[in-house]
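**Q** In case you want the letters, here they are:
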Amino acid sequence: MMISRKPVIQEIALRLDDHLTPMGFVRNRKTVRFCLADSASCIVVELQKSAKSNAETAIVAANVGLWNSTLSKRIGGPSQSDGLGAMDCQWWLRAGQIEDGQGRWWTAGAATDITALVGDMWSLLAPIVSLFMSLRSDADFLRYLLTIQGPFLDPMNRWAFAFALACAAGDGDAQNTARKALEEVGKTRTLPVGYRMLLQAAA
Amino acid sequence: MSGAVEYLFNELLHQHDGTAAGQRRAMQLSGYYDIYDPPLEGIYPETLLVGGLTVKAGQGLLSLLATDGAVLAQREVAQVTLNQMAGNAFRDEIAGLFRAAGYQVETEVTKWTIFGRRVIDIDVWKAGVNLGGIETKWGGAVYNAAQQAKDAWLKMGGYVVNVVRGGP
Numbered sequence: 001m002m003i004s005r006k007p008v009i010q011e012i013a014l015r016l017d018d019h020l021t022p023m024g025f026v027r028n029r030k031t032v033r034f035c036l037a038d039s040a041s042c043i044v045v046e047l048q049k050s051a052k053s054n055a056e057t058a059i060v061a062a063n064v065g066l067w068n069s070t071l072s073k074r075i076g077g078p079s080q081s082d083g084l085g086a087m088d089c090q091w092w093l094r095a096g097q098i099e100d101g102q103g104r105w106w107t108a109g110a111a112t113d114i115t116a117l118v119g120d121m122w123s124l125l126a127p128i129v130s131l132f133m134s135l136r137s138d139a140d141f142l143r144y145l146l147t148i149q150g151p152f153l154d155p156m157n158r159w160a161f162a163f164a165l166a167c168a169a170g171d172g173d174a175q176n177t178a179r180k181a182l183e184e185v186g187k188t189r190t191l192p193v194g195y196r197m198l199l200q201a202a203a
Numbered sequence: 204m205s206g207a208v209e210y211l212f213n214e215l216l217h218q219h220d221g222t223a224a225g226q227r228r229a230m231q232l233s234g235y236y237d238i239y240d241p242p243l244e245g246i247y248p249e250t251l252l253v254g255g256l257t258v259k260a261g262q263g264l265l266s267l268l269a270t271d272g273a274v275l276a277q278r279e280v281a282q283v284t285l286n287q288m289a290g291n292a293f294r295d296e297i298a299g300l301f302r303a304a305g306y307q308v309e310t311e312v313t314k315w316t317i318f319g320r321r322v323i324d325i326d327v328w329k330a331g332v333n334l335g336g337i338e339t340k341w342g343g344a345v346y347n348a349a350q351q352a353k354d355a356w357l358k359m360g361g362y363v364v365n366v367v368r369g370g371p
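Top line first, the protein sequences correspond to chains A and B. 1 is the number of the first residue of the first sequence in the numbering used here; add one for each residue after it. 204 is the number of the first residue of the second sequence in the numbering used here; add one for each residue after it.
No lab work stands behind these hints, which were simulated from the structure alone. Incorrect hints may have been included.
Here are the simulated DSS-like cross-link-like pairs (lysine-lysine), alpha carbons at most 25 Å apart as the crow flies [unchecked claim]:
id	chain 1	residue 1	chain 2	residue 2
1	B	K340	B	K358
2	A	K30	B	K329
3	B	K314	B	K329
4	B	K329	B	K358
5	A	K187	B	K329
6	A	K73	A	K49
7	B	K340	A	K187
8	A	K187	A	K49
9	A	K49	B	K314
10	B	K340	B	K314
11	B	K314	A	K73
12	B	K358	A	K30
13	A	K73	B	K358
14	A	K180	B	K358
15	B	K340	A	K180
16	B	K340	B	K329
Here are some, though not all, of the chain A residues that point toward chain B, as calculated from beta-carbon distances under 8 Å [what the hints assert, rightly or not]:
id	residue
17	P22
18	G24
19	S50
20	K52
21	P78
22	Q80
23	G83
24	M87
25	D88
26	R94
27	Q102
28	D154
29	P155
Since this is a predicted model, take the numbers as computed values, not measurements. Note that the Cβ used here is the ideal one computed from N, Cα and C, for glycine as well.
Based on the provided sequences and hints, a complete structural model is requested.
**A** As structure tokens, then:
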């Protein structure tokens, strides 16, 4: 018996629920997304169906996004966490990127052992969720940005985010550090209009 | 191997063999061939050479051929499906070239824009720096106005999308 794509994805989501619900994530059944939101931030875990999926086989990736309210106000992008997809967030990672340097896609069909698949998926998702959970407050995120180059976070974005968060926090030292770093990046790459305006507004 | 091709390939094998053993063989093959690192002897949209067998697509038909060219199994496939398969194969081929050249690439990446979400075929990174996106177009596929508007908006944010075209 063949299982159509949607039930397979729903089944994967159902098993992921076991990991994410205890952490406080709320599952959106329609979109196969899980959200952990407060006033400052939102973490989104979502299953992404590949365009290459068909009626019998689902090809699925798992993405995790970190959305920050302060960055949204100061830099732009989606202004509310409602309805956010992982890739709408300011920083997102696909399961597998940290370990392998590229995201993993899983193929699931009628004969697939979903429990094993989700176990494998969760082993790659857990470090990302854990990282983003530790960055939910502006202060923690700023501290991280100032000290660590996060995976698949472009240096230009890293320093723009740090600058915006430092400005919001009124942290002069962090602001200076981030400004210098961002200006340094700007010597070799064209900074987006928004980042240039951010620097000018604070000057 | 793309999901659609993989499925059709399995179906053709099953049709050819018609037994549970044939289906198991198809499952083994589909498990063996990783979708992003296909050990194919050659990959291009009209013909896929897989494990000594050939899958040939064209004129609304998908055929499984033996090494001597004999048709083992055949089925009709909607042209739109064939086009999609060709587009997916072309995208994966381009992504594979970048991977082989030492770039980190992600396929099917969504970008938020004020005009709505934009799905980028290939997102390219090198040494931790995001270099931009690639839109792959196979045959006469149109780079439409909505895509262009969204890409213009992304460009303002420092993300440049380049279009790569291929065709038979």
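**Q** Each hint: holds or not?
**A** Now the hints, each set against the structure:
1. B/K340 / B/K358: At roughly 19 Å apart (the allowed maximum being 25 Å), B/K358 and B/K340 satisfy the hint.
2. A/K30 / B/K329: Violated - the C-alpha atoms of B/K329 and A/K30 are around 35 Å apart, more than 25 Å.
3. B/K314 / B/K329: At roughly 19 Å apart (the allowed maximum being 25 Å), B/K329 and B/K314 satisfy the hint.
4. B/K329 / B/K358: holds, 18 Å
5. A/K187 / B/K329: Holds, at about 18 Å.
6. A/K73 / A/K49: violated, 30 Å
7. B/K340 / A/K187: This hinted pair is violated, its Cα atoms lying about 33 Å apart.
8. A/K187 / A/K49: Since the Cα atoms of A/K187 and A/K49 sit roughly 39 Å apart, the hinted pair is violated (cutoff 25 Å).
9. A/K49 / B/K314: holds, 16 Å
10. B/K340 / B/K314: Measuring from Cα to Cα gives roughly 18 Å; hence the hint holds.
11. B/K314 / A/K73: holds, 18 Å
12. B/K358 / A/K30: The given pair, whose Cα atoms are some 32 Å apart, is violated under the 25 Å limit.
13. A/K73 / B/K358: Roughly 20 Å separates the two Cα atoms, so the pair holds.
14. A/K180 / B/K358: holds, 24 Å
15. B/K340 / A/K180: Not satisfied, since the Cα-Cα distance of roughly 40 Å exceeds 25 Å.
16. B/K340 / B/K329: Given that 25 Å is the threshold and the Cα spacing comes to 23 Å, the pair holds.
17. P22: Status violated, d = 28 Å.
18. G24: This interface hint is violated because 25 Å lies over the 8 Å limit.
19. S50: holds, 6 Å
20. K52: holds, 4 Å
21. P78: Cβ of A/P78 sits 6 Å from chain B, so the hint holds.
22. Q80: Violated. Min distance 12 Å.
23. G83: With a minimum Cβ separation of about 11 Å from chain B (threshold 8 Å), the hint on A/G83 is violated.
24. M87: OK, holds: A/M87 within 8 Å of chain B, min 4 Å.
25. D88: Cβ of A/D88 sits 4 Å from chain B, so the hint holds.
26. R94: Since the shortest Cβ distance to chain B is 6 Å, the answer is holds.
27. Q102: holds, 6 Å
28. D154: holds, 4 Å
29. P155: Interface hint status for A/P155: holds (7 Å vs cutoff 8 Å).
Of the numbered hints given earlier, the model fails hints 2, 6, 7, 8, 12, 15, 17, 18, 22, 23; all others are met.
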